[in-house]
Amino acid sequence: EIHIKEPIEKEVNPHLLPGELLLCEASTVYKYMQEDGSNRGTYGKLVCTNFKISFLDDDSASDDNEPQFKNKIVGENDITLQCVDQIYGVYDEKKKLLTGQLRKYPEKLIIYCKDLRVFNFCLRYTKEEEVKRIVSGIVHHSQTPKLLKRLFLFSYASAAPNNTDGRNQTVMFETLDDWRDELERTKGNVKYKAVTTNEGYRVSEKLPLYFVVPICISEESILKYEGRGIPIWCWSCHNGAALLKMSSFPKEQDDSTSQMQKAFLDGIYKTISKPPYELLKMDDLSSSLPSLQDIQTAYTRFKQLFLIDNSTDFWATDVKWFSLLESTNWLEIIRRILKKAIEVAECLEIQHTNVLLIEESATDLCCVISSLVQVMMDSYSRTKSGFQSLIQKEWVIGGHGFLDRCNHLHKSEKEEAPVFLLLLNCVWQLVQQYPPAFEFTETYLTVLSDSLYVPIFSTFFFNSQHQRDTNKSGESLKTQSGPFRFLTVWDWSVQFDPKAQAFLNNPLYAEKPKPDKGQRKTARFKHQRQLSLPLTQAKPSTKRGFFREETDHLIKNILGKRIGKFINSSDEPPNSLREFYDSWHSKPVDYHGLLLPRIDGPEIKVWAQRYLRWIPEAQLHGGGTIATAAKILDLMEEVQSLQVKMDEKRSQAVSGDLHSVPMLRNSARLSSLFPFALLQRQSVKPALPTSTWKDLEDEDDLVKRDDEFVDLSGDML
1 EIHIKEPIEK
11 EVNPHLLPGE
21 LLLCEASTVY
31 KYMQEDGSNR
41 GTYGKLVCTN
51 FKISFLDDDS
61 ASDDNEPQFK
71 NKIVGENDIT
81 LQCVDQIYGV
91 YDEKKKLLTG
101 QLRKYPEKLI
111 IYCKDLRVFN
121 FCLRYTKEEE
131 VKRIVSGIVH
141 HSQTPKLLKR
151 LFLFSYASAA
161 PNNTDGRNQT
171 VMFETLDDWR
181 DELERTKGNV
191 KYKAVTTNEG
201 YRVSEKLPLY
211 FVVPICISEE
221 SILKYEGRGI
231 PIWCWSCHNG
241 AALLKMSSFP
251 KEQDDSTSQM
261 QKAFLDGIYK
271 TISKPPYELL
281 KMDDLSSSLP
291 SLQDIQTAYT
301 RFKQLFLIDN
311 STDFWATDVK
321 WFSLLESTNW
331 LEIIRRILKK
341 AIEVAECLEI
351 QHTNVLLIEE
361 SATDLCCVIS
371 SLVQVMMDSY
381 SRTKSGFQSL
391 IQKEWVIGGH
401 GFLDRCNHLH
411 KSEKEEAPVF
421 LLLLNCVWQL
431 VQQYPPAFEF
441 TETYLTVLSD
451 SLYVPIFSTF
461 FFNSQHQRDT
471 NKSGESLKTQ
481 SGPFRFLTVW
491 DWSVQFDPKA
501 QAFLNNPLYA
511 EKPKPDKGQR
521 KTARFKHQRQ
531 LSLPLTQAKP
541 STKRGFFREE
551 TDHLIKNILG
561 KRIGKFINSS
571 DEPPNSLREF
581 YDSWHSKPVD
591 YHGLLLPRID
601 GPEIKVWAQR
611 YLRWIPEAQL
621 HGGGTIATAA
631 KILDLMEEVQ
641 SLQVKMDEKR
651 SQAVSGDLHS
661 VPMLRNSARL
671 SSLFPFALLQ
681 RQSVKPALPT
691 STWKDLEDED
701 DLVKRDDEFV
711 DLSGDML
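FYI, the numbering for the sequence shown is 1 to 717, going by full-length UniProt numbering.
Treat the hints as calculated values from the structure; they're not laboratory data.
Check each hint, because a few of them may be wrong.
Said to hold, decoys possible - Simulated pairs of lysine to any residue, SDA-like, Cα-Cα distance not exceeding 20 Å:
1) Lys320 to Thr300
2) Lys472 to Lys127
3) Lys127 to Val12
Unchecked claim - Pair ranges (Cβ atoms, derived):
4) Asp497 to Leu635: 16 to 26 Å
5) Gln293 to Lys605: 22 to 32 Å
6) His410 to Thr317: 50 to 60 Å
7) Asp600 to Pro275: 29 to 39 Å
8) Asn39 to Gln304: 22 to 32 Å
Every residue, glycine too, gets a C-beta built ideally from N, C-alpha and C.
Put together the whole structure using the sequences plus the hints.
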C-alpha cells in the first residue's frame, strides 16, 4: 500500500544564497519517509544548485513547523554538495553505485550523506527528460573532481554582503602578536620565541606565516631543510615543560643525505635537551599510533552501522550490534589516541619533561594529540573561545590538509581520512565524562562536525595558510576587484539565531573564579602537588628508564608490528603511567585543573547524538539527557526572572541575557536526540521472519501497552 500526498499545485522555489545558481530541477519527485518499511512519503521538487541538493515540498513554503534549532544556511531537506557521501540508483530493486556518465537512469535515487542522513527519492512519476537532467546533474556536481576555485566558497565570498560582526573572541593566529600573546599566556616566552622567518613563505608553503620555536634555534637552521627537523612549539605547561612537534625527513634517501640530516637533528636535539635541567622525550606518532589508512578503514566500517535505509535494516543490525561495533575498530582507535594523550600529559605534568611529537608532515596525528593534551591540561581550551582558538592554532594555521583529508574536491580517495572528526570524537568522550568542565555542549561539537561540509566558511576548505592567502585575491562582484572576504565558521550567527546558539553553551559549566595574582600562584602550586605521585626517591630512575629513547623505540616497534594482538589482549599501560592514571582518578575532579579521560573498557562510548540522530528507533521520547537539561533550564529561567524582580535598576542588563536560555517547556514532547530530532513517530515493530522477534513478542506488547498511557501533550513533564 502506498500512502501519498497529492502533488502540489503551487510553485515552490528554492531559497538561494548570494552567488547560488539553480543548475537543474525535476518536478513530481516522491520522497520516501525512510523510518519504516512502508512507502509513505511526499511529492515535491528536487533541485540541484552550485551549493546544494534540495527537496522542496509544500511544507517548505510554510513556516508553521519551524524547528526550534534551525540552521539558517542548510535546511533539513538540503544536502550541500560536499556533504554527499555516495549516491545509489535502484534498477529493478537492485542498488548500484552511481559515478561518472550514466547509460541508464534509475527509478529510485538513494543519497547517503557524510552527516549520516539518508534520502530516498522515487523518480517513477517524473518526466524522463527531467530524470536525466537531475540525476546526471547531481552525480556530476557532487561526485566528480573539481578545481578549488569552483567551490561555492568563492561564489559566495564574491556575492555576499560583508555584514558579519567581524572578529569574535577567537584568536585567529594570523599575526605575530597573536603568537606572542599565546606565549605570554602560557608563560612559554622564557624559552621560546615567535619568528618571522617564513614571511612571504620563503621557508615553506606548508608552514604558517608565523610560528614559535625554541630561542636557541637559528634562522639558518629553519631555512636549511624548509622547516623540516625543526621543533615547533605547541604549548607550555605551568611547570615550564613544553609540547613540541616536528615534521620528519623522508625515510627513503641516499646515505650521504640521511647522514647530513642525522647530524643536523643531533645538533637540534642537543640545543633543546640539556639533562638534568631540560629533559626531552621524542615520540614518533607514525609508529606508535594507527596509520591514516587504518583510521579511514575503521571509520568507513563504523559509519555503515548508521546509514540505515529503513526500520527493517535497523532491527536486523540491532541483533548483532556489539559484535558489529567491535569489528569496526573505531572505538579502539579513539581509546588508543586518548591513551597516547595521557602518556604525553604524564610526561609534562609529573616528569617535567618536554615532549616532541614527530610525524611525516606534523599536520595530522600531531594536531590530534597536541589539541587533546591542551584540552586535558589547559582549562582555557575548554571554554568556547579557547577551544576555537586551539582549532585555529593547531589545525587551520597549523596546516592540516582539510581539503585533502575531507576530499572536498574529489581529487583522491587515497588522501582521505577523518582526522579532525577523530579529534571531535575524543573531545566528546571528555565532554560526556566531565560535563561541568566544558563551556560548550555536545551539540556544539555536532554542529562543528557538520560545518566541515558547509562551503561558505573558509575554515575547513584549505590545506594551508599559504593556499588560503594565495587564493584570497580575486574578482569580486561587489567591488569589481580586490581580495575575497571569507567567512569564518566561528561566527555562529551566520548559521544560527541567538535562541538556537544557546544550545551550544553549557548551562552547568563550572566557571573559573578570578583570583588575584597572589592567589593564582598558590592555586597552581597546589594543583601541581595534588597531581604528583607519592613516589620514593628510587622510582624516578625507572620512570625515566621507561621513557629512554632506546626502550621507547623498542616499544614503538612492537606496537607498530603487532598492534592487533597487543591491544586486543591486555594493553596494560606501563607501571608509572598506570600509577599516574589510577592516582588521578582516586581524587576529586578539579574542573579547572588536569582532566584525564577514563579509557578502560566500556568507558569509551559511541557519540550517540551525532551518529544516531536521524534514526527514530534509537530515540527515547521525552527522555535522555535533554529531559534533565529541560528541568535545569526551567530553573535557570525562574532564577533569572526572580533576579529581574529583585533588581529593577539592572533589569535591562539581566533580561538582555534571557535570550541565552532557550525555552524547553514540555520535555515529554522532545526526543533524547533533541535538538536534531524533534518528536517523531514511534518505531513500528519490524517484520523480520526470525525467531528472535517471536521471543520478544511479549515484551513488544508490554511496550505498546505502556505507550498507550504516555501523554505527549506536554501535561506530564
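Status of each hint after checking the structure:
no.: 1; hint: Lys320 to Thr300; result: 18 Å, holds
no.: 2; hint: Lys472 to Lys127; result: 43 Å, violated
no.: 3; hint: Lys127 to Val12; result: 18 Å, holds
no.: 4; hint: Asp497 to Leu635: 16 to 26 Å; result: 24 Å, holds
no.: 5; hint: Gln293 to Lys605: 22 to 32 Å; result: 25 Å, holds
no.: 6; hint: His410 to Thr317: 50 to 60 Å; result: 29 Å, violated
no.: 7; hint: Asp600 to Pro275: 29 to 39 Å; result: 34 Å, holds
no.: 8; hint: Asn39 to Gln304: 22 to 32 Å; result: 24 Å, holds
When each numbered hint is compared with the structure, violations occur for hints 2 and 6.
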